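Novice: Heads up: the protein sequence lines correspond to chains G and P, in order.
Going letter by letter, the first sequence gives residues 0 to 225 in numbering that gives the first Met the number 0.
Going letter by letter, the second sequence gives residues 0 to 236 in numbering that gives the first Met the number 0.
Worth flagging that the hints you see were computed from the coordinates, not collected in a lab.
Keep in mind the model is a prediction, meaning the values are calculated, not measured.
Accuracy of the hints is not assured; some may be wrong.
Label-pair ranges, simulated between beta-carbon atoms [what the hints assert, rightly or not]: (1) P/A105 <-> G/A9: 50 to 60 Å; (2) G/L56 <-> P/A105: 24 to 34 Å; (3) P/P158 <-> G/I17: 35 to 45 Å; (4) P/Q4 <-> G/I86: 45 to 55 Å; (5) G/A9 <-> P/W106: 51 to 61 Å; (6) G/R220 <-> P/P158: 19 to 29 Å.
Just a sample of chain G residues kept apart from chain P, beta carbon distances all over 10 Å, derived [unchecked claim]: (7) Y3; (8) M60; (9) F64; (10) R72; (11) G81; (12) L83; (13) I91; (14) P92; (15) A121; (16) G139.
Note that the Cβ used here is the ideal one computed from N, Cα and C, for glycine as well.
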Amino acid sequence: MRAYLGLVWAVARKDLLIELRTRERLTAMGAFVVLVGMLFSFSMDTAVVRPQDIAGLLIWMTLIFGGLLGMGRTFRLEEEDGALTGILQSPIPLDALYAGKVLGNFVLLSVMAALVLLVFGAFFRFTFSGNPVTLVAVMGFGVLGFVSLTTLFSAMATRSTMGESLLPVLVFPFLVPVLVYGTTATNRLFAGRPFVEVSGNLRVLAAFAIGGTFVCAWLFRFVIEE
Amino acid sequence: MSQKQIRHAIGVLGALGVATVILLHWMVFFWVPTEFTMGIVQRIFYIHVPAWWIAFLGFGLVGLCSAVYLWLGDERLDRAAVAGAEAGMIFTTIGLLTGPLWGRVAWGTWWEWEPRLTLALILWFIYLGYFLVRRSTANPEQGKRFAAVIGVIGVLDIPLIHVSVTWLRSLHPEAVILNPDSPMNLDGSMGATLSVGLLAFSLIFASLFLARYSIAGYEHQLDLRDASAVTPQGAEA
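From just these sequences and the hints, can you work out the full model?
Specialist: Take a look at the structure:
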């Protein structure tokens, strides 16, 4: 088990190191977050709609669209450099490769989620009176569910002739549970509702994230093998 | 089964299917009594419900054949999966078009973003992705594997659609036939009309499935022929 986790960490560490050196995906996602926040603030008539009431929608839609920008490139670098063939020839189990990719993407998207909360909090002057631990749990399980599916579909999209344009078509139908339950729970937390009103949503998000990760880890071998 | 026998079976099943669909429409418009609470609009139930059942059968076949295809790699299972998916898409489209006709009268709106309708629409988009991914790889075998992966995940939407009425406070009417509290809660003539609808769509489905399965077999033979024609030239070059 320790050796397996070591392999998972090795893959995630490699991806995160590349990202730290190139800052390719983080720059694109970060710029996207700030620009979308600006566009929302210009286009929203705050006399008609209170941003606080639709905080969940603003946060999750930005996270999903911005996240796709970065997740779509999960396998791009390896595919372009032919490094994927090398990784596939190494003795690493394919589910460990998948788990490492998911872990790397999870860290990246968590950074982006924190940025979304900070930027949108400043732009729209959100006030948060709920439990921050519950918000972290909602965001964490939502992000894991998103990343588990997107990593699998990103491997497909990278190897297809349509490239990254295929990714939204494949992944959006499956992301509806994350969007519905994540948005509702976030809206309720920003409205200061008690934990009991979001516990059901949190359970669904956790089940989706954990179940999705295991199912996708099993299916990954059929996508990545030549 | 020879190709000639398959072509014969497709023709017979298709002709019987069309005849039964005509009979179904006669029963729906002239024979079955009008339901008391919903009125005349309820008659669409005899087309809408069997269409969805057959769509679920098609996608259920896709899920099953895709899972076994990923396991065994047998080409025939991929052909069955794609045949089930195409027939399933046709019946899903019928279900998605007939539902709003009922909804316009019963709810006063063509569409409502409630759980069952949303999940049903998602099902259509999942299988749109199934076809897109099949055609978007340079290596056809890879495209088949990708599609099979989507077929396996996509089939999980079907039980969700079924339970959404009770679990997720849906506006959609509850199940009448597959309801454990009151199974087959239908008047005799209504049950007969629904059964004819189910038979008609099953025959059409079987005909479409066989036709598409047969075409997929021809496509496979052509691919093999093209591959064997190209390889020696490539080797010489």
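Novice: 35 to 45 Å was suggested as the range; check whether the CB atoms of P/P158 and G/I17 agree with it.
Specialist: holds, 40 Å
Novice: Should the label of G/F64 as a non-interface residue stand, given a Cβ cut-off of 10 Å to chain P?
Specialist: holds, 17 Å
Novice: Is the Cβ of G/Y3 more than 10 Å away from each Cβ in chain P?
Specialist: holds, 23 Å
Novice: Beyond 10 Å from every Cβ of chain P: is that where the Cβ of G/L83 lies?
Specialist: holds, 13 Å
Novice: Measuring from beta carbon to beta carbon, are G/L56 and P/A105 in 24 to 34 Å?
Specialist: Given about 29 Å between the Cβ atoms, the range holds.
Novice: Taking the Cβ atom of P/Q4 and the Cβ atom of G/I86, is their distance within the range 45 to 55 Å?
Specialist: At 49 Å between Cβs, range holds.
Novice: Determine whether the non-interface label on G/P92 survives the test: each CB of chain P must be over 10 Å from its CB.
Specialist: Given that every Cβ of chain P is farther than 10 Å from that of G/P92, nearest at about 17 Å, it holds.
Novice: Verify that the Cβ of G/G81 lies farther than 10 Å from every Cβ atom of chain P, and report whether the claim holds or is violated.
Specialist: holds, 15 Å
Novice: Run the C-beta distances from G/A121 to all of chain P and say if the shortest one exceeds 10 Å.
Specialist: holds, 31 Å
Novice: Is the hinted range of 51 to 61 Å satisfied by the C-beta distance from G/A9 to P/W106?
Specialist: Holds, since G/A9 and P/W106 (Cβ atoms, about 55 Å apart) stay within the stated range.
Novice: Beyond 10 Å from chain P, beta-carbon-wise, is G/R72?
Specialist: At about 18 Å from chain P, G/R72 clears the 10 Å cut-off, so the statement holds.
Novice: Holds or violated: 50 to 60 Å for the Cβ distance of P/A105 and G/A9?
Specialist: holds, 58 Å
Hint violations for this structure: none, all hints satisfied.
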